[in-house]
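Novice: Take the sequence shown: its letters are residues 93 to 394, numbered as in this note's numbering.
Please note that the accuracy of each hint is not assured.
[Claimed, not checked] Now the in silico label distances, taken between C-beta atoms and shown as ranges:
| hint | residue 1 | residue 2 | range |
| --- | --- | --- | --- |
| 1 | 273 | 166 | 38 to 44 Å |
| 2 | 123 | 235 | 38 to 44 Å |
| 3 | 224 | 105 | 39 to 45 Å |
| 4 | 158 | 127 | 26 to 32 Å |
| 5 | 187 | 315 | 35 to 41 Å |
| 6 | 311 | 231 | 23 to 29 Å |
Hints are computed from structural coordinates only; laboratory data are not their basis.
Cβ atoms here follow ideal geometry from the backbone N, Cα and C, with glycine treated the same way.
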Amino acid sequence: MSHDTTLSHHAEPEMTIRFWGVRGSIASPGVATAGVGGNTSCVEVRCGDRVFALDAGTGLRGLGDQLLREARGRDVHLTLLLSHLHWDHIQGLPFFAPLYVPGTRLYAAGLATPELSLRDAFAQQMCPPTFPVRFEDLPAHVETRPLRHGARIELDDVVVRAAKLNHPGGGVLAYRLDWRGRSVVFATDTEHYACVDPILARLAEGADVLIYDAQYRPEEYRGEVGPPKVGWGHSTFEAGAALAEAAGVGQLVLFHHDPARDDAGVAAIEADARALFPHTEAAREGRTLRLPARPLPRRDAA
Numbered sequence: 093m094s095h096d097t098t099l100s101h102h103a104e105p106e107m108t109i110r111f112w113g114v115r116g117s118i119a120s121p122g123v124a125t126a127g128v129g130g131n132t133s134c135v136e137v138r139c140g141d142r143v144f145a146l147d148a149g150t151g152l153r154g155l156g157d158q159l160l161r162e163a164r165g166r167d168v169h170l171t172l173l174l175s176h177l178h179w180d181h182i183q184g185l186p187f188f189a190p191l192y193v194p195g196t197r198l199y200a201a202g203l204a205t206p207e208l209s210l211r212d213a214f215a216q217q218m219c220p221p222t223f224p225v226r227f228e229d230l231p232a233h234v235e236t237r238p239l240r241h242g243a244r245i246e247l248d249d250v251v252v253r254a255a256k257l258n259h260p261g262g263g264v265l266a267y268r269l270d271w272r273g274r275s276v277v278f279a280t281d282t283e284h285y286a287c288v289d290p291i292l293a294r295l296a297e298g299a300d301v302l303i304y305d306a307q308y309r310p311e312e313y314r315g316e317v318g319p320p321k322v323g324w325g326h327s328t329f330e331a332g333a334a335l336a337e338a339a340g341v342g343q344l345v346l347f348h349h350d351p352a353r354d355d356a357g358v359a360a361i362e363a364d365a366r367a368l369f370p371h372t373e374a375a376r377e378g379r380t381l382r383l384p385a386r387p388l389p390r391r392d393a394a
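With the hints as constraints, model all of the structure from the sequences given.
Specialist: Quick look at the structure:
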């Protein structure tokens, strides 16, 4: 089933956003979740020919297979931006097939902890006896770079900015990618405050697309249904809608769905969120958003 959707009808070049994994905490395959998808966090963003992956959850496996199909013998190059190192956001990396192909270049950046570097985190999850291949034996070239709040990276004509979010267990980063007048913000695994998070509102200001953690319904978060989720590091569609309104974003995409939430439950959250911010949708695996690049400013002849 195709979920390919164009936000505008202009021609290439374009920024594309494709969802490979949209669940939080743990993968949840099954009949009840097949429509939305059961893989954990992974979003592909293409800015022209440059490919980014936001997080390396189990959805990264599908992206890797796609990149190899497209490569047709050429080397695969990927820039991986990690929100944080919790397992559901890195557990797809050992199953990213291009890592086993000589010539692959993976540039990985994210928030390292004082206890563990990015490279050590990758190696740790691939140590025997829990995985048969050691990270240091991979034929691909992997380069890692630690990032902090406020970091800014320029990769060709793509500008990447990072900002801290509110999540326990070592912290988390949100990312904004700007390219040729288009922008996407990836803000998962964050807990809202009593007001709109001013740091995230500044990062998301005027963005075309805001991908936002909406794991819980408000009544679940408050503990009216089940145990309270305050302090667990996740948010609600209400908080996402308030942020989208305050930041003036074009489209809100609800992300990091609870693994226990079935397709009907995700659709219900989507409908409730649209009542607050009409340009809202729930992230679904296979869904592709296309944002045609805006014309570059003309330079007057000398």
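Novice: Confirm or reject each hint.
Specialist: A quick look at each hint next to the structure:
The beta-carbon spacing between residue 273 and residue 166, approximately 29 Å, falls outside the hinted interval of 38 to 44 Å. Between residue 123 and residue 235 the Cβ separation comes to about 41 Å, which falls inside the hinted range of 38 to 44 Å. For the pair residue 224 and residue 105, the beta carbons lie near 41 Å from each other, so the given range of 39 to 45 Å is met. As the Cβ distance of residue 158 to residue 127 is approximately 21 Å, the hint placing it in 26 to 32 Å is violated.
Against the hinted window of 35 to 41 Å, the Cβ-Cβ separation of residue 187 and residue 315 comes to about 36 Å, which satisfies the hint. Here the CB-CB span from residue 311 to residue 231 is close to 50 Å, at odds with the stated 23 to 29 Å.
Comparing the model with each numbered hint stated earlier shows that hints 1, 4 and 6 do not hold.
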